[in-house]
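Enquirer: Sequence:
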Amino acid sequence: MKKILIIFYILIFSQVACAKSIDNYKDLDLTSKPKKVLSKSKTKALWNAYNKAKECFEHPTYGEGFGYKLIKQKEEYFIKNKWISPFYKLSNEDKHKLNLSRAPKPLEKIKLDESYGEEVAEANFAMNYFQEAAYAGRASNNEENIDKIKTVLLDWAQKDALRKGINVSWGKKPVDWQMMVLINSILTTTAVIADKFDAEERKILGPWLNNLVKKVAKSRWKDRQDNKAYLTSYITMIWGLMVNDLKAVQHSIDVVKLAVNDMRPDGSFPIDTQRSGMGLKYNADSYGYLLMMASLLKDATGRDLFNYNVDNRSLHNGADFVIKGIMDPSKTNQIYAISCPDGGDRWGSIEKPSKSFIKSSTYLIVYISKFPDYKNSDVIMKKYNDTFNNKYLPKIKSEPSRVFTLHPMLISK
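The sequence shown lines up with residues 1 to 413 when you count with this note's numbering.
Hints are not guaranteed to be accurate.
Computed cross-link-like contacts, BS3-like style, restricted to lysine-lysine with a CA-CA straight-line distance of at most 27 Å [said to hold, decoys possible]:
hint : residue 1 : residue 2
1    : K172      : K247
2    : K33       : K214
3    : K89       : K26
4    : K173      : K111
5    : K172      : K298
6    : K247      : K203
7    : K370      : K383
8    : K74       : K222
9    : K148      : K159
10   : K72       : K26
11   : K218      : K247
12   : K159      : K298
13   : K26       : K82
14   : K214      : K111
15   : K159      : K111
16   : K247      : K214
17   : K80       : K159
18   : K80       : K247
19   : K382      : K331
20   : K298      : K218
21   : K52       : K324
If you are wondering where the hints come from, they were derived from the structure by calculation, not from laboratory data.
The task is simple: from the sequences and hints, build the whole structure.
Expert: Pasting the structure below:
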């Protein structure tokens, strides 16, 4: 009996010793196989699901969607711990005069129209403001603007904005996509000026944002390979880097690693590419979130997730497929797209897909800035170079990214 107890305690202590705590950036695990990796046979079945389903989503779930239980910090935590902006620092040489639009009133309750593609106009108005605010805080460094932005954010927090109606009624009741984009715009605006908040302001803003991000992080969809799932993890990573919740950062890292495991060898994503006329758009969104998570991580911590490799598949393959779609949308979309009446047919067809993703894929500039020797660098530069000139910030021609809030080059080097 004593021997059995000794063996039991040895096993327990060894498990505790192996459970590595995450105390600093060096403790983040970028190499080991994440949990829930599919077997090789199930991975191939996932890749080929479009061959068996009559319509999108009408196939077995090979990688079930999952959420994350974000830590709910106490007010004391926000009072004692300063926030860190996860975005790289701009030099203060260029201070641009930017006038903010009229501030939106706090949206305390949302009434969603859950029909595919429908949106709440008031939420878009607020989203546009926070895009402007994020840009003003990021590129102008104007104290008057920063004070105005802080006033709006604190007002929204004190009114407990978005406290009701942001979740859809179907499935596991995740946070609605448009609401996630709005929350991301609010979080990004906060993160841009993170070091400008004092303890009392963090005490007000912190718990409110924490609650919103917690609802986002908890959200789950039918399949884990879903652009909305990757947006969820992108938001979670920004929060984790800002408030130093490294467990949240690790979760987002694991989501990226799982995505590489699920990605086809040609860099396409199996669930999103099947979505008829929106297949290339959703695939490009998926890759954009993954790319920007890896880029943010590298800028903020020095850790390189681009090196994660599974049977010669990595984030580099993802760039290849997005570019392939840009160069020949119709031919590329027809490889995997199938009928999708409730999630893709509205804005295009299999043969004539939506090309909106081409305009919004400016994040590829971030990719080639990190990998200038990439084989398709010339293609990207020719397509997007006039949208951003890193030396002369006022010459940004493209609009802020709706899904990233800022132009991607203002987020990551």
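Enquirer: Are the hints correct? Go through all of them and say.
Expert: Taking the hints in turn, this is what the structure says about them:
1. K172 x K247: holds (23 Å)
2. K33 x K214: Judged against 27 Å, a Cα distance of about 25 Å means the pair holds.
3. K89 x K26: holds (21 Å)
4. K173 x K111: Status holds; Cα separation ~15 Å.
5. K172 x K298: violated (33 Å)
6. K247 x K203: Status holds; Cα separation ~21 Å.
7. K370 x K383: Holds - the C-alpha atoms of K383 and K370 are around 17 Å apart, at most 27 Å.
8. K74 x K222: violated (32 Å)
9. K148 x K159: Status holds; Cα separation ~17 Å.
10. K72 x K26: holds (24 Å)
11. K218 x K247: holds (14 Å)
12. K159 x K298: violated (36 Å)
13. K26 x K82: holds (20 Å)
14. K214 x K111: Satisfied, since the Cα-Cα distance of roughly 20 Å is no more than 27 Å.
15. K159 x K111: holds (17 Å)
16. K247 x K214: holds (13 Å)
17. K80 x K159: Status holds; Cα separation ~23 Å.
18. K80 x K247: holds (19 Å)
19. K382 x K331: holds (21 Å)
20. K298 x K218: Holds - the C-alpha atoms of K218 and K298 are around 25 Å apart, at most 27 Å.
21. K52 x K324: Holds: K52 and K324 sit about 24 Å apart, inside 27 Å.
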